[in-house]
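Please put together the full structure from these sequences, using the hints given.
As given, the protein sequences belong to chains A and B, one line each in that order. Just so you know, the working numbering puts 1 at position 1 of the first sequence, and the rest follows in order with no gaps. To convert, take the position in the second sequence, counting from 1, and add 429; that gives the working numbering.
Since the hints were derived computationally from the structure, they do not count as laboratory data. No false leads were slipped in.
Here are a few chain A residues that sit away from chain B, every Cβ distance over 10 Å (derived from the structure):
(1) G145
(2) D146
(3) Y155
(4) D242
(5) L352
(6) T393
(7) R416
Covered by chain A, per the in silico footprint, the following chain B stretches (three or more residues, Cβ under 8 Å):
(8) 486-496
(9) 523-532
The structure presented is a predicted model; accordingly, all values stated were derived computationally and were not measured. Glycine included, every Cβ here is placed at the ideal spot set by N, Cα and C.
The chain contents come next:
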Amino acid sequence: MMEILRNMLRRKGRTILTVTGITVGIFAFTVMGSMALRFNKMISGGKLYVTGQITLMPKGTSFATGTGGALLPLDVLDRISKVEGVDAVAGGVELALEEPNPDDPIGGASFGPPATIEGMDLQSSYRNRNWANMAMKSGRMLEKGDPDTVVAIGYTIAADKKLAVGDTMTIRKREFKVIGIVDQTLTGPDQYVFMPITPARELLIASNPFLKSLKDRADEAMKISDADLAKLPAETRKQLQDARAFKLEDVSQIATASWEDGQDPDVVSNRIKEQFKDEVLVLSPTKLGETIDKAAAIFNAIILGSAVIALVVGGFSIINTMVMSISERKREIGIKKAIGASNRSVAFDYTLEAGVIGFVGGLFGLAIGVLAILFINNKTAESGAEIFLLSPTFMVGVVAFSFILGIIAGLLPALRASRMNVVDAIREL
Amino acid sequence: MAKTLIHATGLKKCYPLTKTNTVHALRGVSIDVEEGDFSAIIGPSGCGKSTLLHILGLLDAPDEGQYTLDGIDVMKMKAGEANVVRAKKLGFIFQGFNLIPTLTAKENVMQAGKYGGMSMKERKVRAEELLQLMGLQDRMDHKPNELSGGQQQRVAIARALVNKPAIILADEPTGELDSATSLEIIELLKKLNRENNQTFLMVTHNLEVANACKKTVKLKDGLNA
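Okay, here's the thing in structure tokens:
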């Protein structure tokens, strides 16, 4: 072992360059890999969630691009809940936590979902199959009977805004009392504010000019008593009655359905799809899960692909170094064989030397990568989600991988060294 | 009668230089070495001295001939066995000392012990004992570049002795030393031969070395002269 280290130090400059090559590769691998881990964690949380429910959206919208202004009226949701196999249906609204800044409408780009208000229908008996209960860091989740002035918030939101249970949180100029903080999930809910559906609907209407005008008209129409209404001309009366038909309860952008025990969610999804073809889009758990897997696979391929390129380059630099150093040490190999070293022992020594170069490069690369990750995570934790997830298994794996990369890269030059003709090697001067 | 360590007859070896030109390094050389011999292979440059030594040292294989080393029929030996025989039965001393530059004197000696199958502890004790015998007790932890030529060659001799070889093969052991140091080394080898009955076979064209030998084998143009 000492000999290997001394051999590495014999050509300090070259060893440093090679180790640097590996270090850069492993650094990229660590950073990219941790990003992929974080992303996958987020994706798998999201997948767990969407595969625990049948997702319903108004016709004319899409899961990827949002609901625009389309709504799911209460009456439709009621009818869906009566479909065979459906256990319960809950309407929901989602809107950004912060009102978009007119000067910066896109907002700071962040990794993962933006901070979102999730309106929860507390009256409904609906539960997500895979995510019935959130683990809480402190306080409790919203329950049936909670007033409209309380919220439970995600881990990241609590950390960003330095909120604790009992604090008052101002959301779009309305005050809410924080009654619970959800434990870190590393996925969607970290960025959620769980709010009873009525205030969420009101905030949504207030932020949407079209819905606001409908509501204003309804409110105006409501002011006119039934007696006065009867006196108005038929056409005007019809308009006012239409305007009155707008109800807060009808404002659901998205709905989720659960299925009864023993039912196949895909069969239930299809049943809903057939009956409500013209009113809602039905996303079955399986279909949505597959879509998410596909997106994750592409992302992982891009991330890991770029890391692999870095490593291949590192691997070649080890091969190059070993070939050079073995041709320099030809005579030495000859001596070793002359005094009784077996081919295997010569091959072993040089392979191990390449492995050690890989290992040292791996350690440095990992160390720099971890430092960079901690630094960036620390920065981004202040402004939103952390981008990287460091796992001990992954870190051990990275160094082991680097060692094995060295071994593989060293194998060919080492075999060449071991097969060297002793007489030729000794004559070399 | 002394035991025969090396019995070789009719050794032939040629090296193809180009497609049409072949060097016949050995054309049928015979040699016998007995236990306790202190012999030299002598002859002009290019007579095949080194080739013969390489073949006897199992570093190279003859094209034809018979060779028995300490009772082992080398011609029937399987590939992969040569290094074991080399480690246990043979010791080598080269012209250019040929120590591993990254290892200390002691480590260089110990390395041969490792190939000979000694345990870490055994080879450490043996290396220290031999270096002491060579008068290098103060130089054990020095690297080759911190030693003089004579000192380096003594380390090489200690290395050759580690596995208690049946025979030590030396290729121009004094070739890179000044005459005073040469004499010193030859005296050392003679002492080892005299006191330990260590067998030596060396290649040389140094007359002083040849004269110091009890037996000489003369070669000319790849044949016994």
